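**Student:** Chains as they are written, first to last, in this note's numbering: chain A, 1 to 249; chain B, 1 to 418; chain C, 1 to 97; chain D, 1 to 994.
Think of the hints as simulated: they come from the structure by calculation, not from any bench.
Remember, it's a predicted structure, so these values are computed and weren't measured experimentally.
Check each hint, because a few of them may be wrong.
Unchecked claim - In the EDC-like style, the derived pairs of lysine to aspartate or glutamate whose C-alpha atoms are separated by at most 20 Å in a straight line are:
1. D:LYS928 x B:GLU145
2. B:LYS288 x D:GLU540
3. B:LYS267 x D:GLU717
4. A:LYS60 x C:ASP40
5. D:LYS513 x B:ASP16
6. D:LYS280 x A:GLU179
7. B:LYS27 x B:GLU221
8. C:LYS25 x B:GLU250
9. D:LYS280 x C:ASP40
10. B:LYS27 x B:GLU206
11. D:LYS946 x D:GLU647
12. A:LYS60 x C:GLU11
13. D:LYS928 x B:GLU143
14. D:LYS280 x D:ASP234
15. A:LYS17 x C:ASP85
16. D:LYS280 x A:ASP175
17. D:LYS693 x D:GLU717
18. C:LYS49 x B:GLU250
19. A:LYS17 x A:GLU232
20. C:LYS49 x B:GLU206
21. B:LYS267 x D:ASP234
22. D:LYS280 x C:GLU11
23. D:LYS280 x C:ASP85
24. C:LYS25 x C:GLU11
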Amino acid sequence: MLERRSALESLAPPTGKGEGRPLVIGEVRGFALLQAAAFVGTVAALERAVRSALGVDLPKRIDAPRRANGICVFKTGPEQFLLVGPQDAQVASTEHAGLESSSHPAPLLAGDARLRRVGPEPVRPAGATEFWADTLREVVPSAMGSLTSLSHGRTRLFLEGAAAREVLSTGIAVDLHPEVFRCDAYALTGLEDTPVLLHRTDSQRYELYVLRTYAGWVWEWLTDAALPFGYEVVKKSHASLIVGPNVRA
Amino acid sequence: MLRYSLSRLVRHALTDRPWSRAWREAKPRNRYDVVIIGGGGHGLATAYYLAANHGIRRVAVLERSYLGAGNVGRNTTLVRSNYMMNGSTQFFEFSLKLWEGLSQELNFNVMLSQRGQIVLAHSPAQMDGLARRGNTMLLNGIEAELLDRGQVQHLLPYLDYSPAARFPIAGGLLQRRAGTVRHDAVAWGYARAADALGVDIIEGCEVTAIMHDSSGAHGVETSRGRILADRVAISVAGHSSQVAAMAGLELPIESHLLQAFVTEPIKPFVDHVISFGAELFYISQSDKGGLVFGGHIDGFNSFTQRGQFPKVEGVAQCALALIPGMSRLKLLRHWAGIQDMTPDGAPFICRTPVRNLYFNGGWCYQGFKATPAAGWCLADTIARDEEHPLVRCYGLGRFAQGGASLDEYGHGHWTYRH
Amino acid sequence: MLRIECPLCGERPYTEYRYGGDADKRRPMHGAGGIEAWHDHLFLFDNPKGPHREFWQHVQGCRQWLLVVRDTATNIVAEVALARDARGMDRQGPGER
Amino acid sequence: MSAGSHRVRSGGRIDRREPRAFSLDGRRLTGYRGDTLASALLAAGVAVVGRSFKYHRPRGFVTAGVDDPNGLFTLGTGGRAEPNAQGTVVQLTDGLRAASQNAWPSVRFDVGAINSWFAPVLQAGFYYKTFMGPTRRAWMFYERFIRRAAGLGAARHDPDPDRYETRHLFTDVLVIGAGPAGLSAALVAGRAGARVLLIEQDGLLGGTLLSDPVDGQTESWRVRLEAELESLPDVRILRHTTALGLYDGNTVILLTRRDHCAPDPVQGEALQIVTTVRAKTVIQSTGAIERPLVFPDNDRPGVMTASAVRTYLNRYAVACGRNAVVLTNNDSAYAAAFDLAPRIDRVTVIDVRRAIHPALATQAASLGVEVHAATAVTGVLGRTRVRGVTLTPIDGARGRSAACDLLCMSGGWSPLVHLSSHGGIKPRYQADSAAFVPGGYAPGHFGAGALTGRFSLGEAVATGWQAGVRAAADCGFERAAGEAPTLPEGAPWDTANHRIEPVWTLGGARAAKAAFVDFQNDVTVRDLEIAHQEGYESVEHLKRFTTLGMGTDQGKTSNINALAIMAGLRGIELAEAGTTTFRPPFVPARLGALAGRHVGRHFRPVRRSPLHAWHLGHGAEMIEAGPWLRPWYYRWAGQTVELAYLEEMRRVREAVGLSDVSTLGKIDVQGPDAAEFLDRLYVNGFARLPVGKARYGVMLNDAGTIFDDGTTTRLAETRYFMTTTTAGAAEVMSWLEFLAQTAWPELRVHVSSVTDEWAGIAVAGPKARAVLERALPGCDVSNDALPHMGCLEIEWDRVPVRLIRLSFSGELAYELYVPADYGTAFWEHLLSSGEPCGMRPYGLEALASLRIEKGHIAGAELDPRLTLNDLGLGRMARPEKPFIGRELAARPLLNVPERPSLVGIECLEPGPRLRGGAILFAASDEMKGHGRGYVTSVTWSPTLGKFIALGLYAGGLQHLGEEIVCAFPLYGERVRARITSPVFLDPKGERLHA
């Protein structure tokens, strides 16, 4: 199988374990992102579909995500949602195999078993490989809304430690006072001209979803901002992550 | 008019003899041949050329505030003629030629400093763009030189040529005759010279209505009473829409804010006018020693004359991207002017659908450098009731016909992108 | 600094938004209107010194286009709505301009 | 007091146990921790610290704060040298190196002082009246000398090693200024539970209280409040922090300064921090500054404001003289007189008022201070230092001289109305305190303390308390805050308006030439008179004509005096004259601080393709392309771009190459109405595009001119995959959203940017199919299965791949899109599969040149000044199908046949080359004017063996085959060329259909 590479691979080698540092910075890997959007009149239908397929509700406002069954849902537009869930590797293989056989009628192409023809209009268009995302695809017809995989399009960073808030305030024009931007709050905002989703996952821990092609720049920028506080880069291979303060893993 | 000269200056200094007013404090009369709304650089220049070129001396310039309160006293004082679109090339070169004799013409030192302007390019494509501009200039009799990176470095060794430069300098286009002019002196010089020819300059006189009917414009109502006029000209860039609306006209103009900046005075530091190419940014040093610079408009319609701080930061960042050594210098003041923006970045000097009503506006970033030519051409247009050949391209109706042929930088039809 | 309250994301500095210009003139129906209608829509501006209806897009947030009523003399924002919901903020009824 | 030292033995807020060694112009001096550079110099007896701007008159410190016009120094050396640093605000640090400015060879003996001989000629506006001859370019000659003479400090071009930071803060209540009013306000708001941000320009809290004796009665109050404020959890205090300006949306910009050279940039420490504060409410307790009086030779070193002298005495333990005259028109200066009296030899008060309050007289008598009422100082003796004054009774009797070595003056107090003025509120003249005060406050703003034109301590505390209560309540905090802290009984001079009797000039017209109004810019009363004579009398004209208030101090001490003097000349009330507009920043702010960390590589964000690291590791020379960094060329093909791109092109034409096209904008268009949406958007139709097919499309803007182009593929009935140009991607995305959300909300369509999701790789060349057959064995990529403009969605090794056959180069070519994380691995997979075919990567230069050979338009031709017809694409539009821009594209001047339109140009000469930006003429034309067109894109064509170009030419292909001239007068070149079809290569498209 082809190797997945992070946008930060060449930029962010881990430097330590980060214990006791005022600031730990790193990248969260091993998650999948799916954008689900309804049309003006089909939000309720999409909500039902998401609930039936994944057992999670859609948030009503852009303030705190909803989560269940390992899926975390952010609202990102009036009828648009971002679903964060695990990557395939973390899903039981039997389940996955079961799904493959039942929902991928497209014939394998001759020659190489690794090659499979998909599209133009089979159940599963290319672009997502996640089991849970496929589950959703089956119940969201195009008249109800659209699904777009963004698993590769966002890089997920975290900052953790006493200095995290101060570092973020150098680039983010959102009030991060702990009473205002409470645990599990998130905001769609800008970090120095680049759009980000900022999520406070714990009292001193923040995650940033940044556009992949800007991730390197954001990384350089954040670590530069962190310089006066001292920081360590740590490696989190995959996300234990869909956790929030109220559902600690 | 009392002639200014060194000997006069010395005589006054030695004898304490009082100077006379630079222009009279005129009271509005009932009727004029021409009333010009707006006592900025353009309005005053128009009045001067009406009197000087056409012998039309029964002219009033009406200024709501103090003379030169608008953009003539708020700009970054640059003059140049590096235009490439057919029409603008000729017009702005004509203006630069007028600048070159203006101090003598007005007997007022406007301090034209032809120190040269370098427009920088940061990519091969931008170099091609500068080449087209420079070639066009040369083919129209305007000097221009295309510089490669090494030549720019030789001329301006203090720019950022380091590997850390985010947008490395590829080269530049030099116009040696471009430079700066002391902005306030332009308003005062034209006012004094026009006044000497009999023009009434009336400050503190706000126009509240333009008297007009189907036969055309007949005068104005003002805060100081009704003034009749055979011809009325609007020259109020920044507030063009408001004044034109008094004659029932809707214009292809939106008002935007442009900020300008000056540092503390320092000894000579930048000897040219330099324009960054990665973003809109331009800088020169005033004779007093302050570095004067500016950038893009704030970006949304505004009449507040108060700039937004992110633009201040952005402009400071451009300054340092261009000249890293400016980091230690201190910003002394920043201010803003209201600027007419148009769908092609080019101005209007023309008759209007209302007879005997003439319009000058829509200057975007280039009103100051156009001052002499705008005054000259508007005066001519008023006097002959027909557009001067140099401004035939600057009509109000051009967007219904085609448009875009004056768009110097290809920004498209959005006023706020020019 | 000008701040605009996004109906979905809350108050943010204007730098998170993209300005979309005058929203006063109703856009002619797609495929309808001739040169004159489109010319007036695209090239003529009321350009008021006062309340101005204008578009802004929250590009660094929810990417929604907003219809904002802002006083150009004071920069005070009186109203903000999602542009698609903004019919009630129309100064004129449909098709009058 | 030791010899040569003006330091008082005890008292002050300096720490005598911590000496600080510093130098001025190489002279080694010592001060103490807690000193400013100014107080340390005064303590050392340094009187002359600078030379004035125009006349080079010797000058000393006038004030003890940010308003000082004279004491400017260059601090530090090399890259950390800072010109024009204000000695009164520079904290003394060990090893500080200061140099005086604008003087040669030294400030004590300055050759430039010769200017003062010509002072009468160098009057206001003299340069407008002369330097106009003998030639038209005469000014260019004189200007050199003027420029060298002007300017204050000299700046260096070296990069700045220091680091700066910017940040955002939010608060309920922002209190600006921690004097008695600000401390009270912050305390009550903090007690009420509000989030409070208290900022203070000084390193210590207390404002004017810091100028009281440290053993005085106010000190315990100050200390108690500071302690309680520190204890409140939601009160944040920023010291050394100045409010630079007030902006829209209750935004206040703060500048926090650290000591010169102290922070270590390598450790990431910032020298200065700019903070953007969003405050729900703002309490302006900015205080007031003391005005000098205007009288002949009032600029001599040793003439200082009374409050400054008191500050130097009580705070810094420096006695600025032994024999002081205190000149005043109000009560406040008595504070200085009374504090000085016990510490120096002699104090005399010269009060211009006729009546002196008995309490003052009594205290003066008890302290042995002589008071002369109804008397003025009308002259100063001494040049580099005050030696005496001329005292003249107000009623006109003859004057007499009196010896002194210090003259303290007080012309009253000017509230610092800057912040409210920044918000557009004009100051209002309050006659009874002879002060301009804020003309009002914006909603959520409150004034307190001396800013309100009420100067007593009691009122400061009361108004501060009140403002704090109201501000907290505005934010929803109404918790009872206890009692207002009470202050000790006020001193007799501590009155609300100081019983001021304003007087704007002393000494009469006779001596106006040396009565300075603006010290830094050398503006005298005489200059104001000239301005008045010539009619430059409105406040703005006055400022601009005389340069009054335009110095680094921005006229803090001079504006009101000048306005009052001008009002007097004009015979109008000061209230009627008004003030000039106060502009931010309140104090000069380093550009470095304003730029923050956006310098060097961090100037603007960088966008990197998923393949970026691979390119760097494999010899790519990168080039900036908007925000992106893209491979320009690869070193495998040559060491310079000129060599490499040709080699890369050859590889594509003869074998196969691959190139990173990840930067293209990619948009996922989905929904039942996606087809209709695209049909409206593009000039050409997309509704009937079959599933599995791609089509090239062009978009116009509303004005009917070119907007963007790209290829859009139909993946399903209701789903399209759109690509845009790299440069236009963001704009197109916003435009699509605009249309979907505002113009056509009835369409059920979603657009989402997937630019970041997919890596894009182009494989081009005659052997491209062979490469794919090897890379994707089993995938049928034959002409039948995947014809030109066909699309396959496949999975390779469980990685989804979008395989679209399309060609920018004109060769048989494919674009492959894979999820970005897989981009590098898939690129490597392709490369290794292509190795036997000789496949190598090619960069942007080759990409751009290949497309020129094929006549494909790109950046230089995608110009909103051009139309569809101009680019020869008119046939793409079907007039019966409405599309964006259709109506205005029909405007008459956009459709005249002689418009310049796209042509190919081939060079007819063997030696010279074609160049981008050349102007085109017909062979018979005179070479002048704007020509018939211009060259947009040029390349050497290795295929054709000559220079070829694309360009716009009047009449376009009507002139096919005609000879033209490409003029490039910048290099003195005229090159013969011929108009050809823009498609130089394979016009029938046999290669790409191969």
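**Student:** All hints are to be evaluated individually against the structure, with a verdict given for each.
**Tutor:** For each hint, the structure was consulted:
As the CA atoms of LYS928 of chain D and GLU145 of chain B are separated by approximately 17 Å, the hinted pair is consistent with the 20 Å bound. Straight-line distance between C-alpha atoms of LYS288 of chain B and GLU540 of chain D comes to about 18 Å, which keeps the hinted pair within the 20 Å bound. The suggested pairing of LYS267 of chain B with GLU717 of chain D is violated, with an alpha-carbon distance near 69 Å, which exceeds 20 Å. A threshold of 20 Å between alpha carbons decides the hint, and for LYS60 of chain A with ASP40 of chain C the separation of about 40 Å lies outside it, so the pair is violated.
Taking the CA atoms of LYS513 of chain D and ASP16 of chain B, the gap is about 11 Å. The hint holds against a cut of 20 Å. As the CA atoms of LYS280 of chain D and GLU179 of chain A are separated by approximately 16 Å, the hinted pair is consistent with the 20 Å bound. Restraint check: the Cα-Cα separation between LYS27 of chain B and GLU221 of chain B comes to about 15 Å, which is no more than 20 Å; the hinted pair holds. Taken as a hint, the LYS25 of chain C and GLU250 of chain B pair is honoured in the structure, with Cα atoms around 13 Å apart against an allowance of 20 Å.
Annotation: proposed proximity of LYS280 of chain D to ASP40 of chain C is violated, straight-line Cα distance about 41 Å (limit 20 Å). For the proposed pair LYS27 of chain B and GLU206 of chain B, the alpha carbon gap of about 13 Å is at most 20 Å, so the pair holds. Taking the CA atoms of LYS946 of chain D and GLU647 of chain D, the gap is near 15 Å; set against the 20 Å cutoff, the hint holds. Taking the CA atoms of LYS60 of chain A and GLU11 of chain C, the gap is about 18 Å. The hint holds against a cut of 20 Å.
Under the criterion of a C-alpha separation no larger than 20 Å, the hint pairing LYS928 of chain D with GLU143 of chain B is consistent with the structure, at around 13 Å. Restraint check for LYS280 of chain D and ASP234 of chain D: the C-alpha separation of about 15 Å stays at or below 20 Å, so the hint holds. A C-alpha spacing of about 50 Å is found between LYS17 of chain A and ASP85 of chain C, which places the hinted pair above 20 Å, so the restraint is violated. Note on LYS280 of chain D and ASP175 of chain A: the hinted pairing holds, with a Cα-Cα distance of about 12 Å set against a maximum of 20 Å.
With a C-alpha separation of about 11 Å, the suggested pairing of LYS693 of chain D with GLU717 of chain D holds against the 20 Å cut-off. Restraint check for LYS49 of chain C and GLU250 of chain B: the C-alpha separation of about 14 Å stays at or below 20 Å, so the hint holds. Annotation: proposed proximity of LYS17 of chain A to GLU232 of chain A holds, straight-line Cα distance about 7 Å (limit 20 Å). Restraint check for LYS49 of chain C and GLU206 of chain B: satisfied, since their Cα atoms lie roughly 16 Å apart, inside the 20 Å limit.
A C-alpha spacing of about 46 Å is found between LYS267 of chain B and ASP234 of chain D, which places the hinted pair above 20 Å, so the restraint is violated. With a C-alpha separation of about 12 Å, the suggested pair LYS280 of chain D and GLU11 of chain C falls inside the 20 Å cut-off, and the hint holds. For the given pair, LYS280 of chain D sits about 29 Å from ASP85 of chain C by alpha-carbon distance, which is inconsistent with the 20 Å threshold. Under the criterion of a C-alpha separation no larger than 20 Å, the hint pairing LYS25 of chain C with GLU11 of chain C is inconsistent with the structure, at around 26 Å.
When held up to the earlier numbered hints, the structure conflicts with 3, 4, 9, 15, 21, 23 and 24 and fits the remainder.
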